[in-house]
Amino acid sequence: MCGIAGFLINNSNYAIAGELIEAMSSTLSHRGPDGWGTYLSPEMAIGHRRLSIVDLAAGMQPMMTDRYVIGYNGEIFNYIELRRELEQKGVSFRTHCDTEVVLKAFELYGSDAFAGFNGQFAIIIWDRLEKKVVVARDRYGVRPLYVLDFKGSYYFASEMKAFDVIQGFQRTTDITNLFQHGLLWNTVDDATVYKNIRSVPGGTYEIYHPGRQPRKYRYYEIGESPSPPPVSFEEAKEQFSDVLLDAVKLRLRSDVPVAAYLSGGIDSSVISYLVAKSTKKRFKTFSVGFEDREFDETSYQDEMVNYLGTEHYSQQITYESVESNLLDAVYHTERPIFRTAPVPLFLLSKKVHNNDIKVVLTGEGADEILFGYDSFKELKLLDFWSKNISSTCRPQLIKKLYPHLQHYSDPRQFGMMKMYYEGFLSEYDNELTGLNIRIHNNKILANLFNKDFSIAFDKEALRENIRAILPDNFSSWSILQQNHFLEMKSLLSGYLLSSQGDRMSMAHSVEGRYPFLDHRVVEQMFHLPDSYKLKVFSQKYLLTETFKDVIPASIIHRPKRPYMAPDLKSFFRDGKLTDQAAHFFSDEIIDRYGIFDKKYVGRFLNKFTNKTVENIGYRDNMIATFVLSAQMAAYWAENPRKTTLSKQLKEVEIIDN
Amino acid sequence: MPQEIQDKLLTFITGSFMVERDDIDLDKSMIDEGIIDSFGLIEIATFMEKEFNMQVGEEQMVRSNFGSVNKIVDFIKRETGR
Numbered sequence: 024m025c026g027i028a029g030f031l032i033n034n035s036n037y038a039i040a041g042e043l044i045e046a047m048s049s050t051l052s053h054r055g056p057d058g059w060g061t062y063l064s065p066e067m068a069i070g071h072r073r074l075s076i077v078d079l080a081a082g083m084q085p086m087m088t089d090r091y092v093i094g095y096n097g098e099i100f101n102y103i104e105l106r107r108e109l110e111q112k113g114v115s116f117r118t119h120c121d122t123e124v125v126l127k128a129f130e131l132y133g134s135d136a137f138a139g140f141n142g143q144f145a146i147i148i149w150d151r152l153e154k155k156v157v158v159a160r161d162r163y164g165v166r167p168l169y170v171l172d173f174k175g176s177y178y179f180a181s182e183m184k185a186f187d188v189i190q191g192f193q194r195t196t197d198i199t200n201l202f203q204h205g206l207l208w209n210t211v212d213d214a215t216v217y218k219n220i221r222s223v224p225g226g227t228y229e230i231y232h233p234g235r236q237p238r239k240y241r242y243y244e245i246g247e248s249p250s251p252p253p254v255s256f257e258e259a260k261e262q263f264s265d266v267l268l269d270a271v272k273l274r275l276r277s278d279v280p281v282a283a284y285l286s287g288g289i290d291s292s293v294i295s296y297l298v299a300k301s302t303k304k305r306f307k308t309f310s311v312g313f314e315d316r317e318f319d320e321t322s323y324q325d326e327m328v329n330y331l332g333t334e335h336y337s338q339q340i341t342y343e344s345v346e347s348n349l350l351d352a353v354y355h356t357e358r359p360i361f362r363t364a365p366v367p368l369f370l371l372s373k374k375v376h377n378n379d380i381k382v383v384l385t386g387e388g389a390d391e392i393l394f395g396y397d398s399f400k401e402l403k404l405l406d407f408w409s410k411n412i413s414s415t416c417r418p419q420l421i422k423k424l425y426p427h428l429q430h431y432s433d434p435r436q437f438g439m440m441k442m443y444y445e446g447f448l449s450e451y452d453n454e455l456t457g458l459n460i461r462i463h464n465n466k467i468l469a470n471l472f473n474k475d476f477s478i479a480f481d482k483e484a485l486r487e488n489i490r491a492i493l494p495d496n497f498s499s500w501s502i503l504q505q506n507h508f509l510e511m512k513s514l515l516s517g518y519l520l521s522s523q524g525d526r527m528s529m530a531h532s533v534e535g536r537y538p539f540l541d542h543r544v545v546e547q548m549f550h551l552p553d554s555y556k557l558k559v560f561s562q563k564y565l566l567t568e569t570f571k572d573v574i575p576a577s578i579i580h581r582p583k584r585p586y587m588a589p590d591l592k593s594f595f596r597d598g599k600l601t602d603q604a605a606h607f608f609s610d611e612i613i614d615r616y617g618i619f620d621k622k623y624v625g626r627f628l629n630k631f632t633n634k635t636v637e638n639i640g641y642r643d644n645m646i647a648t649f650v651l652s653a654q655m656a657a658y659w660a661e662n663p664r665k666t667t668l669s670k671q672l673k674e675v676e677i678i679d680n
Numbered sequence: 012m013p014q015e016i017q018d019k020l021l022t023f024i025t026g027s028f029m030v031e032r033d034d035i036d037l038d039k040s041m042i043d044e045g046i047i048d049s050f051g052l053i054e055i056a057t058f059m060e061k062e063f064n065m066q067v068g069e070e071q072m073v074r075s076n077f078g079s080v081n082k083i084v085d086f087i088k089r090e091t092g093r
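For the protein sequence lines, the chains are A and B, in the order given. Here the first sequence stands for residues 24 to 680, where the numbers follow my numbering. Here the second sequence stands for residues 12 to 93, where the numbers follow my numbering.
Rather than coming from a laboratory, the hints here were simulated on the basis of the structure. Here the structure is a predicted model, which means the values were calculated and not measured. Be aware that one or more of the hints could be misleading.
To be verified - A few chain B residues that don't get close to chain A, going by computed Cβ distances all over 12 angstroms:
#: 1; residue: Glu15
#: 2; residue: Asp18
#: 3; residue: Lys19
#: 4; residue: Thr25
#: 5; residue: Asp36
#: 6; residue: Glu44
#: 7; residue: Gly78
#: 8; residue: Arg89
Said to hold, decoys possible - Simulated restraints, written as ranges between beta carbons of each label pair:
#: 9; chain 1: B; residue 1: Glu31; chain 2: A; residue 2: Gly332; range: 56 to 66 angstroms
#: 10; chain 1: A; residue 1: Lys423; chain 2: B; residue 2: Asn64; range: 30 to 40 angstroms
#: 11; chain 1: B; residue 1: Gln66; chain 2: A; residue 2: Asn377; range: 53 to 63 angstroms
Unchecked claim - Where chain A lies over chain B, by a calculated footprint (3+ residues, C-beta under 8 angstroms):
#: 12; stretch: 27-35
#: 13; stretch: 47-59
#: 14; stretch: 80-86
Beta carbons are placed, not taken as given, at the ideal position from N, Cα and C, and that holds for glycine.
The following block holds chain A by itself, in its conformation from the complex (with noise of 0.2 angstroms):
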């Protein structure tokens, strides 16, 4: 795993191209601590950060070709069977990494051999020869890859704030993609919340000839895979066991110690019980634990670990630790976020890393692709009611809804629980489906952003970017399948992988690994009837039906509830702001980045000043959040962290004249 970075050179930055791609590698020294490298021409500069995890001695890059030159950050799962393929059609190799297996496929099959990768990739690509860069980025985004577009050039980089040493540019928050980012929890497609700068779309690659403009293809789209014949459910649950377990096999190829995390839940559980079945090796485990009851998920967690005997490691966290590194993990997430879910898990790649591990197994991808969020519930529950609107008994599935939220369950709140949902009955199946409630919760962000942008919620622009990145036959499928669809794309492209995924764990030098995000797990699971993932209301029902022989009846039984960390909780001590907070949110930093108008935000914090913060709604946590890293975003936008590279650590010097 690595950082990855480039640009077009023109005159706006030929005198210092050199220097320039230094720099930007530098930025991104936690992605790669374990080498440098760069390639210059006179058109083209590429940088590389290394974390050697497959052949440690010769994966050095960036590496090129007669034709090509490659700057690569991921993994290439099935390189072993793809370089086979090559050998086979005559293709000689001079290393034993993944590296070069791209390199030659590309040269091979040029963008075709994209689709051919079974992994999780970000990619540049320099043409010699054609005088083009080709960049692509894996089928759902779990690698970043961001292109900036200033004085006449394109950039591109792993991180963001690799742009941020280019002289003369600074990030500037778009408003109007930071209110969708809001609504959404992401911005739509290759927006980002920083003005210029765009995200590579999972599944899609691009191409940028010097002085053209670029030219955009899409290699994947979830779902694209013919329907299967049908099959009993039996025969699912066969079929997914191997699958899985194949995922999981080639997700262990590492010239390194692979470890996996544990929440206490049961995706992670299976994992690691895949892991355990695969290696027959005691491995490492890792989970966070916390001191606030609320949250804490140990006991399950030590159920597993026993069952497993694997050497576990837990990182306890704090309401000071929440506070103390929300900085920090907003240096790396470089947008804001909506809980503080993401810092505990960059405390954990910090004690994974100074274990000595540099790669782990998570569970990331099944609550999509075995509809295990509330949103499939939400959904199926307004489906059965709009069908008997007078019905008394439909709407009582409501108290089913969000097991970890008292209010659902609480029969004295039913009638208003009842009345917030009729609010949906009309809309639930436009083409937003399980979106419509996450933006209908977070449309009064609007309120919060400073008058002078006069930002507004309007609907139908944002159904317009929706519809955008539908596929044409979105219409044809199940609404929990559209769903499914819209969460990978939003929540879980975006946020989850992102925010708290790749950046977080790419703090501390580790690269996370997610066999249920392997295109075939994915798949094979889009096409099953949504009866076998949820049936009534039983949660991913394949996967509980088929591990729960093998797994501990505590887990596979237990309460379903989101992976959580305390939010304003952390930040209000005695009914007072910490003094970081406060600092964030006073008039005077609120005035200085100009994103936020200061009389609304101190409206919303009087709520809780003076008071014990103890019975917070879920919206008022997310808008604390969400204020709080969106100032702590503008201040490292304005303060980038000055970074060097260690001369010792060159590996690969390449002038190409």
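Chain A is already provided as a structure; the job is to place chain B on it using the hints.
Okay, now just chain B, sitting in the frame of chain A:
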């Protein structure tokens, strides 16, 4: 004293839900307008019970009582005889 009820209610709403007095249409549903989420409804009901010394029963949790600020004011008025 409907005015007093309305004033207290609006003070609570503007202090709790990030809206200005002018943002609130007294005849529109605060749920549909996105001013309150599901927990917000509970916060309002808790406030009403405490501030106006009343009980809100499940059968009363309907849009004819909670569908707008004016409807809530009328509901409080009816329940408390103010």
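Evaluation of the provided hints:
1. Glu15: Glutamate 15 of chain B clear of chain A: closest Cβ-Cβ about 22 angstroms, beyond 12 angstroms.
2. Asp18: holds (17 angstroms)
3. Lys19: Non-interface label stands for lysine 19 of chain B: nearest chain A Cβ at 16 angstroms, farther than 12 angstroms.
4. Thr25: Non-interface label on threonine 25 of chain B violated, nearest chain A Cβ at 7 angstroms vs cutoff 12 angstroms.
5. Asp36: holds (14 angstroms)
6. Glu44: violated (9 angstroms)
7. Gly78: violated (8 angstroms)
8. Arg89: Fine: 16 angstroms to the nearest Cβ keeps arginine 89 of chain B off the interface.
9. B/Glu31 with A/Gly332: 56 to 66 angstroms: 60 angstroms Cβ-Cβ, so the 56 to 66 angstroms window holds.
10. A/Lys423 with B/Asn64: 30 to 40 angstroms: holds (33 angstroms)
11. B/Gln66 with A/Asn377: 53 to 63 angstroms: holds (56 angstroms)
12. 27-35: It holds: at least three residues are needed, and the stretch 27-35 of chain B offers 6 whose Cβ sits within less than 8 angstroms of chain A.
13. 47-59: Since three or more residues must qualify, the claim that chain A covers the stretch 47-59 of chain B holds, with 8 doing so at under 8 angstroms.
14. 80-86: Not satisfied, violated; 0 residues make the cut.
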